[in-house]
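Each chain is listed here by its residues.
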Amino acid sequence: MSRAPSNILDRPLGGRGRNSSTETAVSQSAFAYLYSELVQYHQSRVASISELERRLESSGYGIGLKVLELLSYRSRESKRETRLMNILQFVSANVWKSLFGKPADSLERSIDHADEFMIVDYEPLTSTYVSVPSDLGQLSVDSFLSGIVAGVLDGAGFSARVTAHSVTLEEGEAGYGSSNSSLPPRKDKAVFLVKFSPEVLKRDTGLER
Amino acid sequence: KNPYGADDGIEEIHAGGLELRCFQTRTDVKFVITAEPGTSDMEYVLKEIYLLYTDCALKDPFYELEMPIRCELFTQAVDNLIEHVEKNGPSKR
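Going down the list, the sequences are from chains A and G. If you read the first sequence in the numbering used here, its first letter stands for residue 1, the second for the next number, and so on. If you read the second sequence in the numbering used here, its first letter stands for residue 1, the second for the next number, and so on.
Any given hint could turn out to be false.
Part of the chain A face toward chain G, derived, beta carbon under 10 angstroms [what the hints assert, rightly or not]:
(1) 29
(2) 35
(3) 37
(4) 40
(5) 73
(6) 75
(7) 107
(8) 111
(9) 128
(10) 130
(11) 131
(12) 133
(13) 161
(14) 186
(15) 191
(16) 193
These stretches of chain G come out as covered by chain A in the derived footprint (C-beta under 8 angstroms, 3 or more residues) [as the list claims (entries may be wrong)]:
(17) 35-43
(18) 59-65
Beyond 12 angstroms from chain A on every Cβ pair, some chain G residues (computed) [claimed, not checked]:
(19) 16
(20) 21
(21) 23
(22) 26
(23) 28
(24) 30
(25) 46
(26) 54
(27) 55
(28) 77
(29) 78
(30) 81
None of these hints come from the bench; they were simulated from the model. Values in this document were obtained by computation on a predicted structure and should not be read as measured data. Using N, Cα and C, we set each Cβ at its ideal position, and we do this for glycine too.
Assemble the whole structure, with the sequences as input and the hints as a guide.
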């Protein structure tokens, strides 16, 4: 009795072959409840907002490393990314697509600082149902996602500090309707600020020549 | 009589200037709505609010059960719902 050998990394999560196409999707509610529990778990153990954000980031870091490995393997590219812009494109397009089903909404370079870039997502998955109370001010629960990005970048050899910020939407931005029509449209977008270490910048400008 | 077992709940009150309708969930959460007499489709509104409650309050890590609901998303969504119903009447999705 032999099965056609299929590498576990090529098989989708969930589903045992027969109905794997329907069983690979997890309900968004299930994820929302799980993530809500994760946030509450950390919140009961920290004393400050920044510590909570840092804990969420470290929760996501391990995922970033694994996602990088998985995507690199699946894409069967023989060369790894060594240039800054390429790895950023990889993150905002491929990583986002595999995690959320669509590429990030935009990738921008900061005008003031040469080592800062911003990845924008108008509907980050982690904060769809979250209302941050006013006494927690600047907290962004999307820090989990910035941890994932940091993991991917670190794993690829571009050490960076990634932080999540909720930026209020300007008039007319993100005009397309939200995927869940019963919820009011979001008032803010998530901006992931990526700040690369100086040696990464130096190496990249060196490679340019 | 409530078919789901609990008989202690108020279902409807018609008074001089107002009408009160109650919706009780299987988990003993009660949604009470007060409106002007003659308002139609309060049942629909109550069910929609229940839906919004599960989405915006229960999935919010900062909402604690039994506490007053301070989730901005919830209040916004309820406002939008009432506005929508006022304008269009009940629209079954």
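Now the hints, each set against the structure:
no. : hint  : result
1   : 29    : holds, 7 angstroms
2   : 35    : holds, 8 angstroms
3   : 37    : holds, 8 angstroms
4   : 40    : holds, 5 angstroms
5   : 73    : violated, 33 angstroms
6   : 75    : violated, 34 angstroms
7   : 107   : violated, 28 angstroms
8   : 111   : violated, 32 angstroms
9   : 128   : holds, 8 angstroms
10  : 130   : holds, 5 angstroms
11  : 131   : holds, 4 angstroms
12  : 133   : holds, 5 angstroms
13  : 161   : violated, 24 angstroms
14  : 186   : holds, 9 angstroms
15  : 191   : violated, 20 angstroms
16  : 193   : violated, 23 angstroms
17  : 35-43 : violated (count 0)
18  : 59-65 : holds (count 5)
19  : 16    : holds, 34 angstroms
20  : 21    : holds, 21 angstroms
21  : 23    : holds, 17 angstroms
22  : 26    : holds, 17 angstroms
23  : 28    : holds, 20 angstroms
24  : 30    : holds, 21 angstroms
25  : 46    : holds, 15 angstroms
26  : 54    : violated, 8 angstroms
27  : 55    : violated, 6 angstroms
28  : 77    : violated, 5 angstroms
29  : 78    : violated, 9 angstroms
30  : 81    : violated, 8 angstroms
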